[in-house]
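The listed protein sequences correspond, in order, to chains H and P. Each number in the working numbering corresponds to the 1-based position in the first sequence with 314 added. Each number in the working numbering corresponds to the 1-based position in the second sequence with 314 added.
The set of hints was computed from the structure by calculation and includes no laboratory data. All the given hints hold, so there is nothing to weed out.
The list cannot tell twin chains apart, which means a pair is met if one copy fits it or any two copies do.
Capping the alpha-carbon separation at 25 Å, the derived lysine-lysine pairs in DSS-like fashion look like this:
{"#": "1", "residue 1": "K464", "residue 2": "K396"}
{"#": "2", "residue 1": "K396", "residue 2": "K423"}
{"#": "3", "residue 1": "K437", "residue 2": "K582"}
{"#": "4", "residue 1": "K437", "residue 2": "K518"}
{"#": "5", "residue 1": "K355", "residue 2": "K437"}
{"#": "6", "residue 1": "K582", "residue 2": "K518"}
{"#": "7", "residue 1": "K518", "residue 2": "K464"}
Every value quoted in this text rests on a predicted model; they were computed, and no experiment measured them.
Chain by chain, the residues:
There are 2 protein chains.
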Amino acid sequence: MGSHVVIVGLGLIGGSLAKAFSDFTDCSVTAMDTDPTVLKKALEDGAISQAGTPESLCRADYVFLCLYPQAAVDFIRRHGEKIPSSCIVADTCGIKEEICRQMPPLAQKFGFTFIGFHPMAGKERSGYAASEAYLFQGASCILTPCGAPKAAVESLKNLLLRLGFGQTVLTTPQEHDRMIAFTSQLPHVLACAYVLSPQCPNHKGFSAGSYRDVSRVARINEVLWSELFLDNAQPLTAELDLLLENLTSLRNAIAAGDGDTLRSLLQKGREIKESLGE
Amino acid sequence: MGSHVVIVGLGLIGGSLAKAFSDFTDCSVTAMDTDPTVLKKALEDGAISQAGTPESLCRADYVFLCLYPQAAVDFIRRHGEKIPSSCIVADTCGIKEEICRQMPPLAQKFGFTFIGFHPMAGKERSGYAASEAYLFQGASCILTPCGAPKAAVESLKNLLLRLGFGQTVLTTPQEHDRMIAFTSQLPHVLACAYVLSPQCPNHKGFSAGSYRDVSRVARINEVLWSELFLDNAQPLTAELDLLLENLTSLRNAIAAGDGDTLRSLLQKGREIKESLGE
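Starting from the given sequences, assemble the full structure and let the hints guide the process.
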């Protein structure tokens, strides 16, 4: 018999984890969600073996917190004492420094192991209805051990690799948040700023892949992403300032008709992309 | 026997038009290119029936200029007198106002019909090697008639629809350039500014779809795109100024920890995307 996995929150990530655990492993999956219709649907789908309560935590080998960052911390504050000391608890939040500041002291207090986890997978739809077992195929699985024992990190890593992740990256919360500000948060801010142009509603017939790609993630969950942006305000603001500076240089070259500067800036961009083999 | 099509320049667009005409219509395709190895490859591929010279223009029913904007105008200045009066000449440039300022007087002088054409299709690779017959499948075919007779516009439109375009849009050069500044040029400027971040070379393991989508077109042909940007400097600068303003509002809300403003800006973006059914 496989491990007992408890998933807290059956949104896009929690639902996809549940489906992947049920489809690709022999783990039994218990899930909690504030919406009983979601739990009913997940049971019907075979995504979970049972709908749980906080009491289900007592038998968990692994707990995945698939909630907004502060809600994940609050859940542990409230129910952490039910978690056995053999259990590994992982969040799935898109920021790590704030989480890894609050969680390890709670883990120590309640006696379980905490490891930060960020599955680099998502889509521009949210909620259980958008979840799928194959969401993590080939994606990067980022772990921030935050002082957890090596054996626990190995155990979590091996479990997660069974869900289809393409690679695991071990890093610090600081490094994670600095990189995510660039790779994920900045494109989301950009997408939103982009579609605010008054030309946007008339784009059909005049657009192709470039419009589609930049605007895709403007369909954002603003409550979740506001929390993620504010929890990572310093690195994200630094990336935004850099982008504003580089955009302004390009804008000024275009406005001034300065072809030499313009070509040289575009060339730099092309060379960076090419040097990455992309 | 189908029409005689002459294609000038076998890059990504010219090569793809040649392949689409040869695969999907009974037109005979003659092409010119400054690179003899490209012509040889296109003959081997069956993309063209023959390699031409400017003299081939004498028998053309349709001429497609698949060159950079000013090179297209210069080509007509030099060889326009060889084009028969029954012929329809179309450029394929990404900007239209500058082209449609220079071309109609030349068409009048030499006695042929000119229609502006912009196939809304492309990819982040350039040159004949990247060309493909299916490039235009489902894409928008934008035409700027610039005073050409209705029958000629219908004739060109019907010919092009045989290549797989999903729709045709008739518009003015001004409207075209204003829309393209937003839908195509702005994402290219953005992609370049984005990859200039010092975090970019280290993104692997920390990135997924958002990074990939925003950075895709940073692999740019800087000579072509500098010309396109400078030919459309006013609308593009206006879009850039708007984007800088909206990005700055988002940046300031994040830096100030102002969750209400941040949520409200992100919500606006989401609502625009949703209202477009995207």
